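Protein chains in written order, with my numbering: chain A, 1 to 327; chain B, 1 to 325.
Keep in mind the hints are simulated off the structure, nothing from the lab. A few of these clues could be false.
The list that follows gives simulated cross-link-like pairs (lysine-lysine, DSS-like), each with its CA atoms no further than 27 Å apart [claimed, not checked]:
#1 LYS237/A x LYS258/B
#2 LYS50/A x LYS101/A
#3 LYS11/B x LYS22/B
#4 LYS243/A x LYS258/B
#5 LYS237/A x LYS231/B
#6 LYS316/A x LYS162/B
#7 LYS325/B x LYS101/A
#8 LYS166/B x LYS271/B
#9 LYS7/A x LYS231/B
#10 LYS24/A x LYS71/B
#11 LYS22/B x LYS114/A
#12 LYS7/A x LYS101/A
#13 LYS258/B x LYS231/B
#14 LYS24/A x LYS7/A
#15 LYS166/B x LYS42/A
#16 LYS325/B x LYS162/B
#17 LYS101/A x LYS133/A
#18 LYS22/B x LYS237/A
Selected chain B positions facing chain A (in silico; Cβ < 8 Å) [to be verified]:
#19 ASN25
#20 HIS33
#21 ALA56
#22 ASP171
#23 TRP253
#24 ASP283
Far from chain A, some chain B residues (derived; all Cβ distances over 10 Å) [as the list claims (entries may be wrong)]:
#25 GLU17
#26 ALA96
#27 GLU133
#28 LEU176
#29 ILE254
#30 ALA317
Please read all numbers here as calculations on a predicted model, not as lab measurements. Ideal placement from N, C-alpha and C gives every residue a C-beta, glycine not left out.
The lines below spell out each chain.
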Amino acid sequence: MHGIKRKEWTKELLRQKRVQDEKKIFDYRHLTDSVLNLRDEKVYSTDALKKTSELLERNPEFNAIWNYRRDIISNSSSELEVSFWDEELAFVMMQLKHYPKVYWIWNHRLWVLKHYPTNSSMIWQTELAVVNKLLELDARNYHGWHYRRIVVGNIEEITNSSLDKEEFEYTTTKINSNISNYSAWHQRVQIISRMFQKGEIDNQKEYIQTEVSYIINAMFTDAEDQSVWFYIKWFIKNDIVCKTLDKQEYVKMLKELRENILLINNDEIEFSGKQNIWCLKMLLVLEDILEENGAFTEKNSEAYLVQLMDADPLRKNRYQSLLKNHR
Amino acid sequence: MSGLSALLREKHIRYIESLDSKKHNFEYWLTEHLRLNGMYWGLTALCVLDSSETFAKDEVISFVLSCWDDKYGAFAPFPRHDAHLLTTLSGVQILATYDALDVLGEERKARLVAFIRGNQLEDGSFQGDRFGEVDTRFVYTALSALSILGELTPEVVDPAVKFVLKCYNFDGGFGLCPSAESHAAQAFTCLGALAIANRLNALNHDQLEEIGWWLCERQLPEGGLNGRPSKLPDVCYSWWVLSSLAIIDKLDWINYEKLTEFILNCQDEKKGGISDRPENEVDVFHTVFGVAGLSLMGYGDLVPIDPVYCMPSSITAKIKKYPYK
């Protein structure tokens, strides 16, 4: 159970609930038994399908019933018109609206789409619209993002084209509307990696420079939020950036980031008298990379670690362990 | 915040004991699909609380056997439901905890092993059942169950390890499949699978540091842990995150005192049990992962729990270590 407030049950409330539940339990168990009996008798009729709908509306977590439903459909699939499959999708949609976090429903939707009689990009385009809508309502929905990757992959396969540019723009839109949308930052990493791998970017150096400006901007927008910092950590260490830029350009970029981070940290000290812990954590990473590239002499790592122990006490032991490795 | 400062051990034992007597609640029937998992969570919580005898062993074992799905040859969550890897592991865990795997008999055991192996796909991943849902959760459940049964083989383990490593992300976390976002529960399933396969050495020093970093950043100022950046804390991550840190030997990278305080504040001081967050409704899932987290942190005299199997260490000590000699 997640996010449900504890309730004070008085004797009277308990009595009322018991009375109401008695009827509900009777109906539910009766329905469950009748559906399971149909299943055991291998009945694969339209009526049986309707009964599974009724039961799943009451309990969308009942996976054995989703299984039976699929068996019913599979057994009559040769006779089923396109309109049947559309109705099935509509039924699943209703379920998802009520229960967007139930694995079995997402699973069933994918199964239906996989068996849909015509394999056109149209149905997947519709799915893209569906998942867009869902991610508008809950921008971090884990299932939603997972589903989106599957949908996009299918469209790309059927149309034999790449949606990377559109998907990259999509992550930008999501991040711009909420900079803490880590799911979108994660997706951005996937897309950029792919675009570079597939050679989809004409001017790679320019692309990286634009991205540097984007993340500096993001860093200034919300320096407290770890999403952008995890992204930066990836950005400065990954092969794409290291190999696209020559060493001089790479070091220049690292120094530019470093200066901006120092700036943010100084602002924070002036404003609140405290260091920004994420600035310190990233300065540590930057120093190590600069050193590896022979571009750094003055090291403050130990000082940063000591400051972090004080400023970020929850993770004190990690800093202690890093300090030991540094010495 | 109620500011509870001690573990209400007796209350939790009574709460777990009472779970099967709630048949007059509609919710009891709506959660049939979780019953076998629920039994495992309840029994494991009781073990950690050093009160395993609270459940009647014979009744639990016969319930487990009543969940056997003879059509597919594995465990369903409830009689007449369908077999699935998730519930199959719970069934095996309960029997192993009771040192009662023998009740399976040779034939059932062989079918069970065949069911698990039969759900492995070409890329090394596992589907939960015949309908094709893939998730690193199922890699873990498959390997864990086979390991408890002493039935791991290189044919299963090697591709599974390969798949798990593909789920490692740039940030030091693991996703439910390659290119999926990092999630603390998936860190547990992936690291647990690697530990069972004795392949943690497939991760290099830098990766282990990154994993530890991502995991310890799950702790929030209020002490609780979240499952992903910018999400709310939740007691169940006291298990997913802590067990993962324990597996890579960085358990103390989070603050014990603050996390302990958070878990204790999620106790229902009236009826027992632990909830996801303070003041929320309790359930057996959060109760087991709350007490299991406390056990990992060495709280009080709780019975030690194994971070890889989420079962008492005294039980898992008997599991044959892979690779088999």
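Going down the list of hints, with the structure as the test:
1. For the hint pairing LYS237/A with LYS258/B, the CA-to-CA distance comes to about 33 Å; that exceeds 27 Å, so the pair is violated.
2. Distance check on the hinted pair: LYS50/A and LYS101/A sit about 23 Å apart at the alpha-carbon level, within 27 Å; holds.
3. For a cut-off of 27 Å, the pair hint linking LYS11/B to LYS22/B stands: about 17 Å separates their Cα positions.
4. For a cut-off of 27 Å, the pair hint linking LYS243/A to LYS258/B is broken: about 43 Å separates their Cα positions.
5. Simply put, LYS237/A and LYS231/B have alpha-carbon atoms about 26 Å apart, close enough for the 27 Å limit, and the pair holds.
6. In summary, the hint linking LYS316/A to LYS162/B is not supported, as the alpha carbons are separated by about 34 Å, beyond the 27 Å threshold.
7. Pair hint LYS325/B plus LYS101/A does not hold up; C-alpha atoms about 44 Å apart against a cutoff of 27 Å.
8. A C-alpha spacing of about 44 Å is found between LYS166/B and LYS271/B, which places the hinted pair above 27 Å, so the restraint is violated.
9. Only pairs whose Cα atoms come within 27 Å are accepted, and LYS7/A paired with LYS231/B is accepted, the gap being roughly 24 Å.
10. Between LYS24/A and LYS71/B the CA atoms are separated by roughly 30 Å; this puts the pair beyond 27 Å, and the hint is violated.
11. Straight-line distance between C-alpha atoms of LYS22/B and LYS114/A comes to about 40 Å, which puts the hinted pair past the 27 Å bound.
12. Of the supplied pair hints, the one linking LYS7/A and LYS101/A holds, its CA atoms being roughly 23 Å apart against a limit of 27 Å.
13. Proposed proximity of LYS258/B and LYS231/B is supported: the alpha carbons are some 18 Å apart, at most 27 Å.
14. Proposed proximity of LYS24/A and LYS7/A is supported: the alpha carbons are some 21 Å apart, at most 27 Å.
15. For the hint pairing LYS166/B with LYS42/A, the CA-to-CA distance comes to about 41 Å; that exceeds 27 Å, so the pair is violated.
16. Simply put, LYS325/B and LYS162/B have alpha-carbon atoms about 22 Å apart, close enough for the 27 Å limit, and the pair holds.
17. Taken as a hint, the LYS101/A and LYS133/A pair is honoured in the structure, with Cα atoms around 15 Å apart against an allowance of 27 Å.
18. Between the alpha carbons of LYS22/B and LYS237/A the distance comes to roughly 55 Å, so the proposed pair goes past 27 Å and is violated.
19. Proximity of ASN25/B to chain A holds as hinted, the smallest CB-CB distance being about 6 Å (cut-off 8 Å).
20. Look at HIS33/B: its Cβ gets to within about 5 Å of chain A, closer than 8 Å, so that hint holds up.
21. Of the supplied interface hints, the one on ALA56/B is violated, with its beta-carbon coming no nearer than about 24 Å to a beta-carbon of chain A, more than 8 Å.
22. Taken as an interface hint, ASP171/B checks out: its beta carbon lies about 5 Å from the nearest beta carbon of chain A, inside 8 Å.
23. Given hint, TRP253/B at the interface with chain A, holds; its Cβ is 5 Å from that chain's nearest Cβ, closer than 8 Å.
24. The beta carbon of ASP283/B is positioned within 8 Å of a beta carbon in chain A (closest approach about 4 Å), and the interface hint is therefore held.
25. The claim that GLU17/B lies off the interface holds: its Cβ sits roughly 19 Å from the closest Cβ of chain A, which is beyond the 10 Å cut-off.
26. ALA96/B, annotated as away from the interface, keeps every beta carbon of chain A farther than 10 Å; the closest lies near 24 Å.
27. With a closest Cβ-Cβ approach of about 5 Å to chain A, GLU133/B is found to fall inside the 10 Å limit, against its non-interface label.
28. LEU176/B, annotated as away from the interface, has a beta carbon of chain A within 10 Å; the closest lies near 7 Å.
29. Residue placement check: ILE254/B does not keep its beta carbon more than 10 Å from all beta carbons of chain A (closest about 7 Å).
30. Every C-beta of chain A lies more than 10 Å from that of ALA317/B, the closest at about 27 Å, which supports listing it as non-interface.
Checked against the numbered hints above, the structure violates hints 1, 4, 6, 7, 8, 10, 11, 15, 18, 21, 27, 28 and 29; every other hint is satisfied.
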